[in-house]
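Trainee: Residue-level listing of the chains:
Protein chains: 2
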Amino acid sequence: MSPYKLFQYIDKLSEVEGKEVILRGWVQNKTGKGKLQFIQLRDGTGVCQCVLFRDNVSEEVFADAKTLTQESSLEIKGTVRKEDRAIGGYEIDVTGLKIYQISKDYPITPKEHGDAFLIEHRHLWLRSSRQHAIMRVRAAVIKAIRDFFDGNGFKLMDSPILTPSACEGTSTLFETKYFDLGSAYLSQSGQLYAEASAMSLGKVYTFGPTFRAERSKTRKHLTEFWMVEPEMAFFDINDDMDLAEDLVEYIVQYCLKTCQKEFNLLERDTTKLEKVKRPFHRMSYSNAVDWLVENNIPLKKKVDGQEVDILPFPWGEDFGTVQEEALMEQFEKPCIIHRYPSEIKAFYMKRDPDNSDVVLAMDMLGPEKAGEIIGGSQREDNIDLLLERIEKHNLPLEDFQWYLDLRRFGSVPHSGFGLGIERVVKWISGAAHIREVIPFPRMIYRIVP
Amino acid sequence: MSPYKLFQYIDKLSEVEGKEVILRGWVQNKTGKGKLQFIQLRDGTGVCQCVLFRDNVSEEVFADAKTLTQESSLEIKGTVRKEDRAIGGYEIDVTGLKIYQISKDYPITPKEHGDAFLIEHRHLWLRSSRQHAIMRVRAAVIKAIRDFFDGNGFKLMDSPILTPSACEGTSTLFETKYFDLGSAYLSQSGQLYAEASAMSLGKVYTFGPTFRAERSKTRKHLTEFWMVEPEMAFFDINDDMDLAEDLVEYIVQYCLKTCQKEFNLLERDTTKLEKVKRPFHRMSYSNAVDWLVENNIPLKKKVDGQEVDILPFPWGEDFGTVQEEALMEQFEKPCIIHRYPSEIKAFYMKRDPDNSDVVLAMDMLGPEKAGEIIGGSQREDNIDLLLERIEKHNLPLEDFQWYLDLRRFGSVPHSGFGLGIERVVKWISGAAHIREVIPFPRMIYRIVP
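For the protein sequence lines, the chains are A and B, in the order given.
In short: position in the first sequence from 1, add 462, done, that's the working numbering.
In short: position in the second sequence from 1, add 462, done, that's the working numbering.
Bound-form chain A, shown alone (with noise of 0.2 Å):
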């Protein structure tokens, strides 16, 4: 056995009830009074309540354990005792003590603080049992769908992260300099490369950090958010439909089986998790506008830079927070919002042979306000229609050639999807704010630390 595992973590503790252990964290709570002290160990596996009674330590160990503070670094030896009353279900009595560090005016408190104050401290914040949590559901989101993908014939395929083009005009791209080859610009979307990986490996799906330069001030809007996006030949958009209910079910039915102690601590209502059971609900965007139109739901839109409510509906429009929560206020699942207008969605998407107005376009909306968490679609696959999309949408042709290529040589039917990894995570652990469910989030506002 390597050294390494000499100490012992909180989350193992039933392993070793009895037994003399050494425990190392740091110090989240303090309690005290006479003879006994008390202080609420925390390891990043969980949190444990050690007991110091003066009669079982040196004076010296138990002067020490007074001059404790909050997120003071320690290691503790002691007995572990089975105590149903404690957080994790058992208790140290502590016979010895070592302290790496006293803590000084911590700044993030048991108060309240403040939004601004916590996401500057983002590097403290995290230790907080809250963060914590959300850091945990989020590990098991990501371990769920890699899982999923592994063991479903899908081969991971890294899309490049420095592209040369600008697909898509520069508005929403980071841009870099390239050695001599001018400008690179970071990825949105490893869509197209996925495509080029499809044709060679089937199904694949590429997993990473995606960045959009956007000026979205939103609850669900970061600046560089990681995303999954599978890929696969000969698959059509019902096909696309199906995987991606099969995705979602897995997620979070995963989650549910090994994030109990987590969402306990969010408290999470976790029986609106367990309704997420596949067929989810599916619907046309036109027959979504339809209900849009019978419930009275207008489009928002800034006229001389007021905003107005549109009613009816208008089809052909894209819809927004307003149409997506009334939409999905009816339902307790995710719905698939299918086939959308051709005019509002990107030029790689296939036509619907049935009707040309719309794409084979898919979008998932999550229940309780999760929003959009997938958008997906059948790929063009056919050259001389693709040419007339990139043509009418004003794109440099040139940089598409080797985009072109996987409709020259061997051209098949495909499909494929992007998950917001965030947008799921948020929606899962129901945290209030995007900036809570990555480590680090970046925003327009903010890049420190």
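No lab work stands behind these hints, which were simulated from the structure alone.
All of these numbers come straight from a predicted model, not from anything done at the bench.
Glycine included, C-beta positions come from ideal geometry on N, C-alpha and C.
Errors might be hidden in some of the hints.
[To be verified] Here are a few chain B residues that face chain A, going by a calculated C-beta distance under 8 Å: (1) Y568; (2) H585; (3) L586; (4) A601; (5) R608; (6) D612; (7) G613; (8) L643; (9) G670; (10) F687; (11) W688; (12) A695; (13) D771; (14) P911.
[Said to hold, decoys possible] Lysine-lysine pairs mimicking DSS-like chemistry, simulated, CA-CA at most 25 Å apart: (15) K497/B <-> K528/B; (16) K719/A <-> K605/B; (17) K605/B <-> K737/B; (18) K682/B <-> K639/A.
We have chain A; now place chain B onto it with these hints.
Mentor: Leaving out everything else, chain B in the frame of chain A:
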């Protein structure tokens, strides 16, 4: 069962022996004479020989098959027959065939192509068997790494890519404008953030793309590459080295278990990989220098533009490829070199308490000219010593305030390392050049496709 499971993948043919199946894929090669045609079909999971016998199919199908060219896309219907001489152990007796597209003038023919041509056509080159195999080894390496950490109590904590300051100078950094906040830089390492995460969650790892705007034109350098960086509270340098050995052993053994087909295709000598078992070799930097001196290995240094050999190798100089390869010739397993001169290592590394001329750093060198696959250290946990180093390195103190907080509030001994994915995949797969081990390589002279 979802409709997207309706067709069969070649790697699952053993499960449907004797049954009629539908395969979808691309023509890798085609031969035939008289009443027989042989289609080598690839579908991303493998290659399968499909046999058309004129008497078994319609005249139309037989004629269609004759038109098939390399990389044409099609669907094949047929019966699965065990055939030990066939590539994957099975053949298909074709009964039907549907062509998606006849591919014309596919640029990459079975003849030899130059490196420049292949890399320019990377989106198509990925379809070759050799590139397939390397990409599968890459996916296996990454899965092994994630399984290892997830299975050993580590939490994934992604460090940010966009970072606010050029901590160690801007010369090798990609820079981008960040809204109204000035410049941001693409991360060269997630370590400093991982340290903050480790103070929260104990054992963490960050795994993402990292960027170096270096003008290095070697077989081992990319400007965009992936790195996994574990960081562990309460680990000292010895624990760190143990963990690094455990990890690398696990990766290699996992690949041996899951990538035999790929190693065969790549003609990789796996007996060499089988020897990669703990314990690895270890050697202090000073002992390594002694060995270089004894064996007359010179320092190569540019003097007035001319490369000269300096003998004996002077203590205090960093090792380059010449020294690394000379040292490693004697070993069949990786070797960790530890305790490097402070002067040539980063500011955050902890001085050796027994000898302040060296730091508790460690680099793992791979056998078979793999070069440095891991670099790590125990981190300086004393704030005064860290401040002294920051000053000595002329680093902007203000930018490090959040990092110094980790030493102000409950500082603990901690260690970590970074493992370069592409270096490891190159070594394990036996690929000749690092550009082959990432789907879309980025080098100083290459950002397309």
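Trainee: Each hint needs a verdict: does it hold in this structure or not?
Mentor: Right, here's what the structure says about each hint:
1. Y568: holds (5 Å)
2. H585: holds (4 Å)
3. L586: Holds, about 6 Å.
4. A601: Given a least distance of 5 Å, the restraint on A601/B holds.
5. R608: It holds, given that the least Cβ distance between R608/B and chain A is near 6 Å, below 8 Å.
6. D612: holds (6 Å)
7. G613: violated (10 Å)
8. L643: Holds, because the Cβ-Cβ distance from L643/B to chain A comes to roughly 6 Å (cut-off 8 Å).
9. G670: holds (6 Å)
10. F687: Because about 10 Å separates F687/B from the closest Cβ in chain A, which is outside the 8 Å limit, the hint is violated.
11. W688: holds (7 Å)
12. A695: With Cβ-Cβ at 7 Å, under 8 Å, it holds.
13. D771: violated (31 Å)
14. P911: Because about 4 Å separates P911/B from the closest Cβ in chain A, which is inside the 8 Å limit, the hint holds.
15. K497/B <-> K528/B: holds (11 Å)
16. K719/A <-> K605/B: holds (22 Å)
17. K605/B <-> K737/B: The given pair, whose Cα atoms are some 21 Å apart, holds under the 25 Å limit.
18. K682/B <-> K639/A: The hint holds at about 22 Å.
In this structure, the earlier hints numbered 7, 10 and 13 are contradicted, and the remaining ones agree with it.
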